[in-house]
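*Asks:* Below are the chains, spelled out letter by letter.
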Amino acid sequence: MKRMTSHRQAKRMDEILGEFIAETLETLDVLSGEVVAWEADPTDQSRLDAFFRFFHTVKGSCGFLNLPRFERLAHAAEDVLAAIRRGERGADPETVTAVLAIMDRIGALSRNIAEGDEMAIAEAEDDALLDALAPPAAVPPPASAEATLSHAAEIAAAPAIVLPREGTDADGIDTATGPEPLRAAGRGDRAPRTIRLPLALIDQLMNGISDMVLARNDLARKMREREADPELEGSFERLSANVADLRDMISKTRMQRVDRLYAAIPRMVRDLSRELGKKVHLDLDGGDVEMDREMIEMVVDPLTHIVRNALDHGIEPPAERERAGKSETGMLRIVSRQSGNQIVIEIADDGRGINRAALVEKAIAGGLLTPAQAAGLTDEQKLQLIFHAGLSTAAKVTSVSGRGVGMDVVRANIEQIGGVIGIESRVGFGTTFTMRVPLTLTIIPGLIVRSGNHYFAMPRGNVVELLHQNSAMVTLEEIGGARIATIRGEPYSLIDIEDVLGLPRTDDQRGPRTLMVIRSSLGQPYVLGVQQVESNEELVIRPASPLVTADGVYAGMTLPDNGQPMLLLDAAGIAQSARLPLHEARQPFAGGKEARASARAETAQALVFAERDGTRRLIPLAIVDRVEDIEPTQVAISDGRAFARIDGRLFPALNADGIGHETADEPLKALRLHAGREVICYLIGDVLDIIEVPMKVDVALNAGRIAGLVMVGDGQLEMIDPFALFAEVARDAVSPVPSAGRPRPIRCHIVDAHDPWMTGILAPLLNRAGHDVSFGPLENLPAAGETAAPDIILCADEGVPGAAPAPVLRLSDSPQGADDGGEAVYRYDRERIMAAIVSLTGRAAA
Amino acid sequence: MTDNLFLFARIAGTPIAVRASEIEAVVRLGDIVPIQRVPPHVRGLAALRSRVLTVIDIESRIFGRPMKVEARPLAVVSDISAHTYGLLVETVSDICDASGGIQPIKGRIDRAWSPFTAGLVERKGRSHLLLSLADFVSTPGTGAKAA
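Going down the list, the protein sequences come from chains A and B.
Counting from 1, position 732 in the first sequence corresponds to residue 732 in my numbering; the numbering is continuous, with no gaps.
Add 846 to the 1-based position in the second sequence for my numbering, that's all there is to it.
Honestly, the hints are just simulated from the structure, not real lab data.
Any given hint could be a false lead.
Distance windows between CB atoms, simulated [what the hints assert, rightly or not]:
1) A:E831 x B:G971: 47 to 57 Å
2) B:D956 x A:E477: 33 to 43 Å
3) B:D925 x A:Q716: 50 to 60 Å
For every residue, glycine included, the Cβ atom is placed at its ideal position computed from N, Cα and C.
Construct all of the structure, not just a fragment, from the sequences and the given hints.
*Replies:* If you want it as structure tokens, here you go:
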């Protein structure tokens, strides 16, 4: 009995701690909006009181909950605020910053406790924050005071952005029962009546309603099959309307006010404008508009990025503004409003506007545009260059390693959630970004497309246009294997859904096929051919299992009203898996030249980089995961092998010779290369460019790490052989492949068309050895003996199911796996792979 | 001790046991909508009222050959990392306590089974191979080690 009680007490204690954490985070959320107002008028007693009350509450609860660290921080801040209230001390900016730093630390610690990682921030780090609280007189000379300040600002900046994402949502959401906004709570106004509900309960409710809708549809179908009964139908109509209302109401519980999105912005603007030495007045409007809470989370990053850009590049320093005849203080205005089933968020600044000439110049310098093309651009097209992936070459490729940076990433993020982003800018008067995003993530309008008896959904936002294949506006052609649909003189890459998904062609094609012009975040639109577009429905989208989405062609799943599960297609994933040349690397505004489209069909992107000794080389972009800035101290050599430490993990590193403290000044970057599970770092000097190169190297060399030469402009660059790099790391002897030169190339068939190692590393290797390579599941292969039948089938360790039409070579990813089975070959043993291919196909090596 | 509660079923003629805590329900599935471009053991999608199950063919995952499926196949419903799966089984015999708990494997187990089994559970004098359902939706071995 006694044990039971103590157990119950412990549980109660956990609950109290959980509540304390949730409340603390919630209050912080509310207060962060008040910070700037307080700083503008430090004598504002009511705000000062709100902050004082916060620290006081935290201090009080901490003693009870035995959280000495919180207590120490809160106590110190409370003391300072008390002194300010008594008028013994002024609320100068340094003091305010120091108090805010304490607030942020309390927030960070609360989140750490919630995640069960209390020691994520060392306790000793609190001392610097507490020192900063000391009265100005006690602070040593100005130089170091500034250092403390910027340090505090640095700590402050990061959590302020994360706040709205990790607030109270983790375990529950607040459901407002009254029309009053939540933000009033901080000021002692009457708070709205709210209750906390676990999120799971809301989701269950939502599921229950969906079940009800399905049952209703089923009933409706059965009623149609019977004789009409007006009385019964009347009752059914009423029930049906009630179910629909209920569904709408439940959907509303998922909605949250845009205020949540705004919460972190005042603080960020304050910190950033101080850092940049600018004066900015922030105006937030439309915080009462409601959005799906998941959608709010998706919009946080793009919004943050645009605001940062506006402060950094848009709004001018005070002196420059005065010279331009503007008020010293810049204006940043963010407005949200609902428009139909979309939320529109506008971010407007009155800064210097976007310099088109500079954009165009950069685009020309980057090889995106020829000067002639640039001359033909409209103003709108020039502005759109800002969203261009190609424009963020070299310098910005590096920063991708951090959070999503670059306007191309912002656009991609917005489009990913079915939104669009627009821009208006007047030089000298400012820039306005307009984001339009759907109200909810979970219900999207979609087109149901059919191929045989397979049905798929495509988000309507991705579909630009639907045409029949035999329309007079369309001409289809096939050139060198590439299929092109020219619609009103504009050529598009054409793929059929059956080819993407490996579906059989159906015989029951009545009437023409439908062509869908698809726009994805990747770049140029393409055309997807389907048997038929069936209908247009509002679809409730649920996440699909990683087993299903791993391949990239599916974005989620949905259960339409007919009760048959269906997969949602991923417009960008389809283009990628079909390897359509959609990147706008060369021709952002290409005219109607079919030849160009087909020429690009056989190219791939490559990264131009400078080795540590300055030599310029190429590496296929597909295997570069990211580019990292790296310090020489992050590289360690152990037992003759080099490793790079990145984000707390060690990766095998190449090119680490001579790195140490004496090379501290040498510019150093790491290319993180991946091939499925393996990741290695290739240390380089700098990233220079991204260019399109032919799939096949112009001159093949099989010399160590170099695959061959590629002609670039007037010169030629060496292309790195990724196979050699991975093999080197795998510590296997690498020797040149036996020379090709057989009467007919060996046809190698790779079953796992989606394995990056197979496609990105093995296939090019086989190609260079003079073999032909094909991909796809076994079912689609011609039988043995037919002319196009493969000579050998290559697969991963698991082998292939069923009978294969040709000898099978298994490639194991560990040397042990290769040894104990006997019939498998270790995949980095180039010599044995080549020998096995030759011996299994029954032909003598040349 | 709910830790000793197991579901006893059969896959490819072999008696197996699954911890009851891993299981949400055992149902007969309706139509399975096949999916393209997924690993062979992903049989497709099936609707269970308003939920959508990803149907996993355990036999195919183990032996690389698809299980012969009758009209309304039996499936064990399980929530694994926030997704709901239906894992196909041949028959289900019982859900009951196994007082003996989990025993180490005796004898040399078939290579196909070995990545998926963590022990034996005895019921009515017969041994059942203990499987962890999470193994069939992720890389082999991870679930068994975690248990």
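*Asks:* Does each hint fit the structure? Answer for all of them.
*Replies:* Right, here's what the structure says about each hint:
Our hint of 47 to 57 Å for E831 (chain A) and G971 (chain B) holds, since their Cβ atoms are close to 55 Å apart. Hint check: D956 (chain B) to E477 (chain A), Cβ distance near 55 Å, so the stated range 33 to 43 Å is violated. One distance hint, 50 to 60 Å for the beta-carbon pair D925 (chain B) and Q716 (chain A), holds here, with the actual separation near 56 Å.
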